[in-house]
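Using the numbering used here, the letters of the sequence shown map in sequence onto residues 13 to 261.
Careful: at least some of the hints might be erroneous.
[As the list claims (entries may be wrong)] Pair by pair, the computed Cβ-Cβ distance ranges are:
| # | residue 1 | residue 2 | range |
| --- | --- | --- | --- |
| 1 | 23 | 162 | 12 to 20 Å |
| 2 | 203 | 230 | 42 to 50 Å |
| 3 | 203 | 134 | 33 to 41 Å |
| 4 | 126 | 253 | 30 to 38 Å |
| 5 | 191 | 253 | 36 to 44 Å |
| 6 | 92 | 203 | 35 to 43 Å |
| 7 | 131 | 16 | 20 to 28 Å |
| 8 | 24 | 54 | 30 to 38 Å |
| 9 | 253 | 103 | 28 to 36 Å |
Simulated from the structure, these hints should not be mistaken for laboratory data.
Backbone N, C-alpha and C define an ideal beta-carbon position, used for all residues, glycine too.
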Amino acid sequence: MPRNVAAETLDGLAEDDPAAMRSRRDLQRIHRLMGTRAIMTRSLQRLLASRPSAAPLRLLELGAGDGSLMLGVAGALGARCPAVEITLLDRQDLVSRSTLDDYARLGWTASAHVVDVFDWASPQSPAVREPSARWDVIVANLFLHHFEGPELATLLAAIESRARRFLACEPRRAGLALAGSYLVGVIGANAVTRQDAVLSVHAGFRDQELSALWPGDRSFWTVSESSAGLFSHCFLAERSGLGGAEALP
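Generate the whole structure from the sequences, applying the supplied hints.
Here it is in structure tokens:
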């Protein structure tokens, strides 16, 4: 199945469009069925295994949506990841005050930044000029598959230059996932979600495709890539030799 990236309907809807609001609720149910929270939690634990457990952690989620997925991960990690500062970046203003308060109750300091990811990735971004805007971990969930060619290359280059670790969980481009995408209507998904689910699988990843696109020098990075669960595909990258101050070069 060749990779094919097409614009998804949800991305073109206003944040307060009723169909978009319904589709975002559909996505929460789909995440539960896919076990996305558990996949992300296990992957983060793997990435952070060699890191001092009590050290403060700065985490950035790209394409964070309403922030609910990482809130679930925060709850699953519990006391194993204290003193976490998470930035939820999305081009739409979807993170509610109550969601930020829920993070705080778990001991995480959360902030929402409404900005286009390519403005963030720009060489003029504060993330380039300010050392404090570097990240212990950058995560992306169902996000990279929206991009291809120069856009994807630009995004990965920005991530590589600003992160110590990177985790992506994407649709798996495979027959089983495609079959599942045609069945999301069974759980009551609306027309937007039914269409976008199929498009997302066609735009997904498989085998070692993200590893081949990763711009980091392999003498400085350890990468791994594999299927996860029934429908997901995960990519992990960790800067080699981390420890102590974990300084970026």
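Here is how each hint holds up against the structure:
For the hinted restraint 12 to 20 Å between residue 23 and residue 162, the CB-CB distance of approximately 18 Å keeps it satisfied. At about 44 Å, the CB distance of residue 203 to residue 230 agrees with the hint of 42 to 50 Å. Taking the beta carbon of each, residue 203 and residue 134 are about 35 Å apart, inside 33 to 41 Å as hinted. Taken as a hint, the range 30 to 38 Å holds for the pair residue 126 and residue 253, whose Cβ atoms sit roughly 35 Å apart.
Against the hinted window of 36 to 44 Å, the Cβ-Cβ separation of residue 191 and residue 253 comes to about 43 Å, which satisfies the hint. Judged by the Cβ atoms, the range 35 to 43 Å given for residue 92 and residue 203 holds: they are separated by roughly 40 Å. Checked against the hint of 20 to 28 Å, the C-beta distance between residue 131 and residue 16 comes to roughly 27 Å, which is consistent with it. Hint check: residue 24 to residue 54, Cβ distance near 33 Å, so the stated range 30 to 38 Å holds.
Range check, residue 253 to residue 103: Cβ separation about 35 Å, and the 28 to 36 Å hint holds.
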